[in-house]
Amino acid sequence: MNHPLVSLTIDGIAVQAAPGSTILKAAQQAGIEIPTICYHDHCTANGLCRICVVEVSGARTLVPACVATVQDGMIIHTQSERVRRSRRTILEMLYSSVDLSEAPEIETLALVYGADSQRFPGAQRREPPLIDDNPMYIRDYAKCILCWRCVQVCAEDAQYTYALNFSGRGFETQISTFYHHPMPETTCVFCGQCVGVCPTGALKPKREWLLEKGYTPEAIMGLTRNERRGKKRREGLSH
Amino acid sequence: MEPSLDLSPIRSFLSEIAPQGRSALLPALHAAQDFYGYIPEPVALEIAQALQIPAADVFGVIEFYAMFHTHPVGKVIIHVCNDPACALAGADTVFKQLSRRAEYALETGEPISVTVEQSPCLGLCDHAPALLVQNFPATSAPEITWQELTTKTGRRPQTHVDGDLRLLTARCGKGHTTTLKAYQASGGYSALRKALTMTPEALIEEIKASGLVGRGGAAFPTGLKWESAARAEGTPKYVVCNADEAEPGTFKDRVLMEDDPHQVLEGMIIAAYAIGANKGYFYIRGEYLHAYHTISHALEEARTAGLLGSQILGSNFSFDIEIRRGAGAYVCGEETALFESIEGKRGFPRIKPPFPTTHGLFGKPTVINNVETLANVPLIIQWGAKEYRKLGTEKSPGPKLFCLSGDVQRPGLYEVPFGVSLRHLIFELGGGMRGESPFQAALVGGAAGTFATPEHLDTPLSFEGLRAAGLTLGSGVITVFDAQRDLRDVLYRLARFFADESCGKCYPCQIGTQRQYEIMERILNGQTRPGDAERLQDVGWTMTDASLCGLGQTAASAILSALKYWPHLFQPVSS
Amino acid sequence: MIQPERVVSTVCPFCGVGCNLELHVRDGFIYKATSSFNSVVNHGNLCVKGRFGHDFIYHPQRVTVPLIRKKPQRPGDRTQAFDLSEWREISWDEALDYVADRLVDIYQREGPHAMAVYCCAKATNEDNYLLQKMYRALFRTNNVDHCTRLCHAASVVALQMAIGSAAMSNTAAEVIENDVFILTGSNPTENHPIIALQMKAAVRKHGAKLIVVDPRRIEMVDYATLYLPIKPGTDVPVFSAMAHVILKEGLYNRQFVEERTENFEAFATSMEKFTPEYAESISGVDRNLIIQAARLYATAKNAAIYWALGIPESSHGVANALSLINLALLTGHIGRRGTGLNPLRGQNNVQGASDAGAMPWHYPGYQRVDIEENARRWEQAWNIEPGGLSRQLGLTTTEILSSVGPGGVRALYIMGENPMMSEPNLNHTRQKMQELEFLVAQDLFINESGAFADVFLPAASWAEKEGTFTNTDRRVQRVRQVIPPRGQSRPDWEIICDLAKRIEKRLGRPTTAYWDYRHPSEILEEMGRYVPEYAGVTYERLEREGGLQTPVWDKQHPGTPFLFAETFPRGRGKFHPLDYTPNAEMPDDDYPFVLSTGRVLEHWHGGTLTRHSWLDDLFPEPLVDIHPDDAARLGIQNGDAVRVTSRRASIVLRARVTPKTNPGVVFIPFHFHEAAANLLTHDIIDPQAKIPEYKAAVVRVSKARPEELGTRAEPQPRGRY
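Protein chains in written order, with the numbering used here: chain Z, 1 to 239; chain W, 1001 to 1575; chain H, 2001 to 2721.
Mixed in with the good hints there might be a few duds.
[To be verified] In the DSSO-like style, the derived pairs of lysine-lysine whose C-alpha atoms are separated by at most 30 Å in a straight line are:
1. W:Lys-1345 x H:Lys-2555
2. H:Lys-2555 x H:Lys-2505
3. H:Lys-2301 x H:Lys-2555
4. Z:Lys-25 x H:Lys-2301
5. H:Lys-2660 x W:Lys-1279
6. W:Lys-1208 x W:Lys-1279
7. W:Lys-1345 x H:Lys-2209
8. Z:Lys-25 x W:Lys-1352
9. H:Lys-2248 x H:Lys-2273
10. W:Lys-1075 x W:Lys-1345
11. H:Lys-2301 x W:Lys-1364
Everything labelled a hint here was simulated from the structure, so no lab data went into it.
Excised from the complex, chain Z in its bound form (with noise of 0.2 Å):
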């Protein structure tokens, strides 16, 4: 496997790196952090938040380093005025959508791109009510910044349970079940990847949010079956 490296150049430096690896990792080789929101290593990359868009020299549009691959001769920046606008604008855009308060990540990227949260006052907000139909874990698509990671290890990426999917399209899209059917009624397992890979706290363990709303474990172990088992549709946990 001696396929010699293919030479770019990333803000400046000479970076070497090997054939088919993207800018993301050839650009992490070097030091330089790409930021990502959408991108997990152990999920397929689909490009889908384009915060790692980057300018690379001849390219009509930027592109997205979690996917593109380095070519020989690349000449690539991270940090043009382009690529800053695009990064502000869409983190604008995100907070002007969805509650980003369990996502502490995207918030230190809104610092460092100098993003308004407020930019676009009167937006239509997604702010779908909480799913709490399942004793393992809760559903706040109010949170849900449609990254797909869910859906993914829901299927192929890991699980193969496929009992996620979306709804809706453009910005009314959302991730949903069969006919937005309660989760115990589908093929959901309950292995929970999709919790573990949910990066703004959409996703929850039950007794982790239950913890947040102020039971004590004691109250929380001491729910009836009823009590933890959830709601059939999309109504909260009744006091």
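The hints should help you fit chains W and H onto chain Z, whose structure is shown.
The following block gives chains W and H in isolation, referenced to the frame of chain Z:
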């Protein structure tokens, strides 16, 4: 859920198509929608099991396409176009009237159940305001009677076809579909006969030499595309005809399919021969039911005549074409989204590279060409590249179809050689402005296009000419607006169109189209906020620069061009 | 948003996969489990038990103080006490003194044969090493066993006969390197969920071809190239017919057979009778499927066999396992990456408990107790006078209970196990439990077995102690203390040391076997000094390097991902001629169905842990799987109450009508005391491995009235079936 639901119709349909697996999903959902008027849960489950698709995925697909419904809708569905050309002709009023009438019917218990929906461009811009009743065009909307509407008396649309040339449109605009017999009588399929005597390499060389580039909007050299797929490793290979014409203002492909389907099929068969494909897919926009029927019929004719199937015309070359209907998703015109749709998935565009020529439909080498592009192929083979190049300009050879609509005397489909001026098209061929009011602007290239102003009227309509003027040809759409029109209304409609049609995959487009729509809505309503122009710039350029596919990359195109020419439209009213 | 006070890395306590866990703690409450995506075992993936099933630690019914029965128990009228009102709380000193007194009394009165212990495949290597040490060194008995007897005993015996080793030859995660793999008697999506993911990926992403041989249409059949739906217990004819085809078509690996094996001729002769036609007549599997499977397996570049309890849990379990081993030896699909003979171990630490000597015929490290040299080695290790250790093979789990009674076993010590759920023919087990003179239970909950005890010693859970587990692919991994022991509960190893010292003192032994460990690492170190396979395993290395796959011959040795590259432990691999033996019970007009038992994803074995977890909400009641054709014939609808009757007992539970079981076969999970599957099973055992035939009791099924159901749980609608 209906306890009495009879699953036998969908079961018998599924038993026929089940061997196709997931790629039969859209046909199955269309069938279910037809049988039941919507797609009930048990039917979706039945489909999932028969085609071995996860149930949640089936739901995801249903949810993606506008023409599929998870809840009961009226027995008769009327689509009213609400895009710019039809809006100019009063489509909103038609929609309101029909909706009120449908409500009245419901209240008074008329034995008819009608659902009236707004729709993106129906490709009937020359018949504005346009309607579809059960996916058949019902033209001259304002005059049509309720009785006619609800009894599904769709009429064949009569598009005005004219131009300096009548090569691609030689058999179009005559009020009927050109049969195989008539097509052959005028020399049809002689190009295929000739092609079969050539080597695939020579054929590809001829196409390359012709300078033909894609007519769907991206203008990629067709010969290079074929060559790349021909050389790509991997079998089988596929040819796909992209007939998902949905760019607002565009109807050229519809006319070609409805009036002269064999010309397109001939081009497609030649393409298959050139790249060594034995299987093709013809993907037609879901709303084009009439074109679906003409193509289906033409395919039957071609099979019977030995023009499709095994050993075509006695050669060793075998090829057949399967037809697929879209289901209401503009993004499926994007080639990789179209593949996903054929494969029975949500129409999410794929990351490129890899490109379709190496990793296309089902991951195999694929050539995907637009209808008009394929219609040029028989002409090139018949004439030879050299002769073909005598038409048009050096850099934009050949004939070109333009869809002219809006405030002109004679909206219609015009065939011209590349290089004529915009003025020639609008004022000579199109008869000039419809009323007294003078020309204000034209949207060139459709919703994804840019505005031409009076200063642009002498721009030559060629790739290089338009590019030099900062315009794009797109799919050949020209929508004309007179000076009385409020362009903010046009921009608002375009913004709404993109917000409705964004697939939601990448963030810039998923959220950007929504924010752009909201801002345009308040601008239209006179509630512009300080900084809205800057917001539109940031959102627009972020979508343009960072979106995953062509939809997002062009979703701000018209607005950004308007911001350039008419910045005052986007400023708050000073109090 | 909650910030954890700490996040502790440890290993999942449920199955043998050995998934790495990170437990998030706040105020002593474990509220979340995650897993490192860099884990070589599970790549960040978990199943429902690993992800959400740790709440049993906090269950209100957990016992965290030592208890003694209020009413003294006598042999013959021993009763079960589930209610705390029948117990009295006592101090640890009182409890341990009492236990030491009673055990020493019985030992001194009756002798070593009266003493027996059930070690525990859920406890750590260190716990198990110490408990077998206590019984061997102090009570001089080899009546030491644990539930390995009830799961892979026949696989272990067969592997030792044929190649001289008894673990998975290869690493589970290597499945993606298989070109072809056979999965038989194993339902990994329920029982080894993370290995199932790797198997699915092998098929879907890496082009592997899967052959499933199983009497149930398990989920993995959806991923299979070939599915051979065998009748229960017909493994030998099917796999031998594959060998027949491979021999007849000359597809075997001549070089491997010549260089690495012995007894080929006798074996080949014995295979002549196993024509595909003959196998079809017995197994019901289409002969062509058998031929295709043989060709596919034999001609693959790298092929492996994975099996679980469907193979060994049979009255001819050793023969079943040998039929698989023969195939691997015949084709040379062993000794390389991506090949192998891979018995998937059930319990989190069944491999380790076996390694640590929790078995009646072996000291730690599979050293036979009847070999003098071995006994001497351990006498030296434990400061025992020469000849002090017993050279007699001890009793196995099933034998221990059978021998309860005058002149037999009088005192039983149970650490963590639950024979009252897991033994076959439970009515017999119950009778034997009642006859015990003294019973100690060391556990978290008063389960069906512990309820019979005189004394209950509250143990710490796996999250409350330090130690190591050895997973199914021989990987030793660290178990770390996450929270302090709840209440007065104590780690098993501490309890054992404390008790052993008291016993040793009462016995007046002149030397001590040593019980003054300050930390479990010292226990593992002691074991490593005498078990060469563990010589290089130290806590220090485990901290630094993560898991180590045994054998680890010295402190520098990197561990052994796959075995037998050069040679087998016994030298040459030995072919075994085979004959077909029917199951001990065959279906007839009175009992037309074959009952198979096993586990479901959401539960664990006797249910001690998972039925005290929210996991129970997902699967709250026993269900019997029955094929739609059979159900229709009997007029049974999904969810109906049915009675399942064997020659031994009868239980009532709800039916689940599903094509996941084949016609003629019904399946009942054995987790539910409300309708305990093992009331129905029989206790006829494999003559060599002493393993019971859990997978093939014959039963009849009839409709019952809902009020006869033993459960009041509301049926939980689930879509995954």
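Next item on the list: State the violated hints by number, sorted upward, taking the hints as numbered earlier in the document.
Entry: Hints 1, 2, 3, 4, 5 are the ones this structure does not satisfy, whereas the remaining hints hold.
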